[in-house]
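Novice: Sequence:
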Amino acid sequence: MQTPSPPLFPGPETGLRWRSIGADDVDAWYALIRRMAEADRPGWVEDRRDLEQALETTSGNPALDTLIGLDKTGAARAYGRIALNPGSETGSGFGGVDPQWRRRGIGAQVYRWQETRLRQRLLTEHRKHGVLRTYAEESNASQVALLQSEGAVVVRYFTEMSRPLAGELPDAQLPEGMEFRTFNEEISDAVRRAHNEAFRDHWGSEPRNKERWGFTVDHPQFRPKWSFAVVDTGSGEVAAYQLASFDPESKDIHGYKEGYTMLLGVRWEWRGRKLAPAMLREAMRRFRNGGMDNAGLGVDTENPSGALGLYESLGYRPTHREVVFDKTVL
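Take 1 as the starting number for the sequence shown in the UniProt record's numbering and just add one per residue.
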């Protein structure tokens, strides 16, 4: 099979000079992310480490899977990138345009570049099907409109939820023979394997290899002291886990400091023992002891496990939603 040609960068009619993103571009790239965040007010903003990791991961080749548009002064005004995990047919698209440079068709050109580049990678890897997946804040009307105009369709909604930690907190009682064990390097890989098992039936989830796991637990926002496993003391196995993070900007974004449950799962053998509510109660306790005002998490609105109802019963309430768009590229 003939290997398709690399996708062309957007043209000079955009008024920008285009090339792939390198390590020396992180400062300019991050400045662009910050300008976009000031205009769009998302619920979460990438930090420098996220951008550095995007250039380090084996799920993409920065020389081919990224692009940045620079104006005459060298300021970054737009960017795009794709990521495709080994063996996957679903690629993730990321991108954005400086607020001062919007409504010029640049966002559409970046999205089309993502499609073309993902298609090339899939064909090179002999895939027969492929999808470009993009997450958008429901409140970001311009991004939602762009994705719809480019033929992407909504496939899922994720709801962000938060719970105040003032007042009496519910007791975190585990069944007999189970104990909380604070996250540490010794149990890290066991928790990773437990996560892959717990999420193997979850929509959109793909196994996390050691590289992706390292990006999670080595991230500056990860909080090991707020994270833990539930260990079966008889077997010594990890039955369930909760991993937490803290965004230092949460006070500015939401108006309160929020400890965030970024991963929560129970392995099949230990389901039905009410480990999830016990873990969330324990997380609330640790968050408050750490000076947090609220506990937060995200949930797949269509998750058949009943997670949304569980979180509501524990006092979590919706704050905003993310919309997931897919576009078939093969």
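Check each hint, because a few of them may be wrong.
Using 30 Å as the maximum straight-line C-alpha spacing, the simulated DSBU-like pairs for lysine-lysine come out as follows [what the hints assert, rightly or not]:
| no. | residue 1 | residue 2 |
| --- | --- | --- |
| 1 | K251 | K128 |
| 2 | K257 | K274 |
| 3 | K225 | K251 |
| 4 | K225 | K257 |
| 5 | K210 | K225 |
| 6 | K210 | K274 |
| 7 | K327 | K210 |
| 8 | K128 | K72 |
| 9 | K128 | K210 |
It should be emphasised that the hints constitute simulated quantities derived from the structure, not laboratory data.
Novice: Next step is simple, just say for each hint if it's right about the structure.
Specialist: Consistency of the hints with the structure:
1. Restraint check for K251 and K128: not satisfied, since their Cα atoms lie roughly 46 Å apart, outside the 30 Å limit.
2. At most 30 Å may separate the alpha-carbon atoms for a hinted pair to count; K257 and K274 meet this at roughly 28 Å.
3. Restraint check for K225 and K251: satisfied, since their Cα atoms lie roughly 20 Å apart, inside the 30 Å limit.
4. For the proposed pair K225 and K257, the alpha carbon gap of about 17 Å is at most 30 Å, so the pair holds.
5. The hinted pair formed by K210 and K225 meets the criterion: a straight-line CA distance of about 21 Å does not exceed 30 Å.
6. For the given pair, K210 sits about 29 Å from K274 by alpha-carbon distance, which is consistent with the 30 Å threshold.
7. As the CA atoms of K327 and K210 are separated by approximately 29 Å, the hinted pair is consistent with the 30 Å bound.
8. For the hint linking K128 to K72, the alpha-carbon distance of about 41 Å lies beyond 30 Å, and the restraint is violated.
9. Distance check on the hinted pair: K128 and K210 sit about 27 Å apart at the alpha-carbon level, within 30 Å; holds.
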